[in-house]
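So you can see what is in the structure, the chains are spelled out below.
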Amino acid sequence: MSIGAEPHPRGIRQTMSDLHIWAGLLTGWFLYAMFLTGTVSYFKDELSQWMRPELPHQAEVPDAAGVAQRIADELQKVASGSSQWGITLPDARNNVASAFWRVPGTEGRRAFQSATFDPATGHKVSSRETAGGDFFYRFHFQFHYMPVLWGRWLAGFCAMFMLVAIVSGVITHKKIFVDFFTFRWGKGQRSWLDAHNALSVFGLPFHAMITYTGLVTLMALYMPWGSQTAFKTPAERQQLTAELSAFIQPGKPSGQKAALAPVEEMVRQAQARWGHDNINRVTITHGGDAAARVSVSRGDQGRTSVSPQYMLFEGNTGRLLETKDHVGPAAETRGVMYALHLGRFGDGVTRWLYFIVSLAGTAMVGTGLVMWTVKRRQKLPDPDRPYFGFRVVERLNIAAIAGLSIAMAGMLWANRLLPTDLPDRAAWEIHSFFIVWGLMAVHAVLRPAKRAWLEQLWLATAALALLPLVNVFTTHRPLWRSLAEGDWVFAGVDGMLWALAALHAMLAIRTARHSTKVRPARRAAPLRPTPSSAGERA
Amino acid sequence: MTHLAVFLLSTLGFAGLALAMERHQEDLFGHALAATATRSLRMAGVAALLLALGVIVRAQGWGVGLVSFSGHTSLGAGLVFGVLIVIERTRPRQTARR
Amino acid sequence: MSAVFDRARSAGPLLSRIVAAVFGGYGLAALGSVAALALPMDKTQAVITGALASFAIYAGAVVWVFAVRSARRAWAGLLIAAVPLGLAACSVWSGGAAA
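Residue numbers (the numbering used here), protein chains in the order written: chain A, 2 to 539; chain B, 49 to 146; chain C, 194 to 292.
In case anyone wonders, no lab produced these hints; they're calculated from the structure. Predicted, not measured: the structure shown is a model, and the values here were computed from it. Glycine included, every Cβ here is placed at the ideal spot set by N, Cα and C. Take these hints with a grain of salt, some might be off.
Heads up, incomplete: computed chain B residues facing chain A, CB under 8 angstroms, no partners named [to be verified]:
no.	residue
1	HIS51
2	ALA53
3	VAL112
4	SER118
5	GLY119
6	HIS120
7	SER122
8	ALA125
Using 30 angstroms as the maximum straight-line C-alpha spacing, the simulated DSSO-like pairs for lysine-lysine come out as follows [what the hints assert, rightly or not]:
no.	chain 1	residue 1	chain 2	residue 2
9	A	LYS233	A	LYS258
10	A	LYS253	C	LYS236
11	A	LYS78	A	LYS233
12	A	LYS125	C	LYS236
13	A	LYS325	C	LYS236
Turn these sequences into a full structure, and let the hints guide you.
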């Protein structure tokens, strides 16, 4: 493509189309992975439960106050002397409590430990060590095997390209609502364009929202200039932090030992204010010291914002110091945008809507990538020897799309099959994900392209479909038991695995049919026109 | 129940809007409908969508309600669209269509 | 050989646009996020507003760069947009020193 000073300037729709294609192609594989892992993350808590089968199904949410007290007591033993404990309480979707704490003596450096706890006993969970669904969630915005900051910059870079792709896509497709309803099915390259358009348009509010709000979640990293210009002292910067998060600065310990007042009572006050099951976090600074502080944060329900709302107590007396329940207008806007991205505020149906439309977004990115090769294959002078760039895109598509599904399923297989006493087990589940992905990439290069697609799509189908079966043989939670007990989390994950397997099977069948229909538009020396090539000029 | 009602209204709303397009009238009925029929369909479609919005906002408030509305309308539009494809595919082909 | 030179020459404006879009766009967005501090609102809220709006500025700048007829116009547009933002940002920097 050559855009530059030209005698006959190309129309804006054409230049925007070029911009859209380049923006999409350069980052498409990353965006696909971000979209798919992000989509799955809407059910990451359920997935985490499924990946800890030793923990029983949670019939009802345990009382937040009791759980908080038990975990705090436990942390006094395992994390005493730490300046900061952060406890996340169980909720309707989470049957564990988790906590992280700053390693004592490491103030000034980022050194934290974390663990998962049984809400009923307060002790560490006795289940297989796993990152659970949180691996996909973190991968979604910071990838893996690289410093967290690099991962987030890469994700932000790709998100910016996505935003440009959306805007240029809309400009290109100005007659968007009319064209939306005129999909033509099954006609070679044109149908891929129409599928891509359809998925883009019907989910456009979501795709635009999710992309922009995604950038907003990490805006402090991407655009720190305003705050750096405005705030010179840590105290001033704290003003900003207070508007954005419930983080309380640990401050200096007094050195005087003082027992922590009952955390239970503090949580009860917060429950009275925000709802019995609407407390999600308790943060304790300098527990066991006279300068201890306890902050109890409101949960996600009942509002579409994550702006900080918490009650702050004096640690050793339990006296209420401050109730923070509102922030300034810009901060609230940012809170709303952040909440829209996370989608944690809604009920089950809203979550499913998020999931479905997000899956459509994933398919939008995938169809875009595949469409690039389909379009260009028609123009290849010799379809058996495509140019290098084409081959790269073609193989990356297979590895990044079909390969990713296999890798994700592979991680779940590892979750079921790795021995429970394996050291670094959680890390090995993650390594399995990447090992499988790497193998699929190799496969994608070695096999002929169409074969590679078919083989990987069928492998994905099998890998997903067999997981509930693996579940039967390796755990005590087979599908029939989950259904009998009304354990919708386990049954839901098993069911979803089959639904996704069916989806991959459909894609495989379609790919098999599509392969036989595509003929290149030109051959080196046509002996006679074949019927399909004559009819394929769509 | 509310969610179901909102979803159905959203789908019907988009069905009305789709049917108010000449292109689909030609596809489905073989000819464009009268101007009054077209206008009524369009108005009914818009009305259904507005009703859906009202119902969901009453049930969930503006914040969560708007988000749910966006989800239901996205899905409803996708569904109408899918049905149009299926109809076109399963109809016996009369002439070679482009 | 001249074909190579021709390609290099026609690549020039494209490269220029890419630089304008990626770096110039970010610069404009960053400038905008600082200029927001000149808005008549609480400093903290202004900082947040600036950051929130910056991505729209960036995306708009990128689209502008590729929508216009020449690389020169692309840069001109960015520079023209930078003037009011720059003035506002300057007032913030000098005002900040006094505050």
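Now for the hints, and whether the structure bears them out:
Look at HIS51 (chain B): its Cβ gets to within about 4 angstroms of chain A, closer than 8 angstroms, so that hint holds up. For ALA53 (chain B), the interface hint is violated, since its Cβ never comes within 8 angstroms of a Cβ in chain A; the closest pair sits about 12 angstroms apart. At a threshold of 8 angstroms, the smallest CB-CB gap from VAL112 (chain B) to chain A is about 6 angstroms, leaving the interface hint in force. Interface restraint check: SER118 (chain B) against chain A, minimum CB-CB distance 5 angstroms, threshold 8 angstroms, status holds.
Against a cut-off of 8 angstroms between C-beta atoms, the interface hint on GLY119 (chain B) holds, since the closest Cβ of chain A lies about 3 angstroms away. Hint status for HIS120 (chain B) relative to chain A: holds, with the closest Cβ pair at about 7 angstroms, below 8 angstroms. Hint on SER122 (chain B) holds. Least Cβ distance to chain A is approximately 5 angstroms, under the 8 angstroms limit. The criterion of a C-beta within 8 angstroms of any C-beta in chain A is met by ALA125 (chain B), whose closest approach is roughly 5 angstroms, and the hint holds.
Distance hint between LYS233 (chain A) and LYS258 (chain A) is unfulfilled; the C-alpha atoms sit about 34 angstroms from each other, more than 30 angstroms. For the hint pairing LYS253 (chain A) with LYS236 (chain C), the CA-to-CA distance comes to about 28 angstroms; that is within 30 angstroms, so the pair holds. Between the alpha carbons of LYS78 (chain A) and LYS233 (chain A) the distance comes to roughly 39 angstroms, so the proposed pair goes past 30 angstroms and is violated. With a C-alpha separation of about 44 angstroms, the suggested pairing of LYS125 (chain A) with LYS236 (chain C) is violated against the 30 angstroms cut-off.
The suggested pairing of LYS325 (chain A) with LYS236 (chain C) holds, with an alpha-carbon distance near 19 angstroms, which does not exceed 30 angstroms.
Comparing the model with each earlier hint shows violations of hints 2, 9, 11, 12; every other hint is respected.
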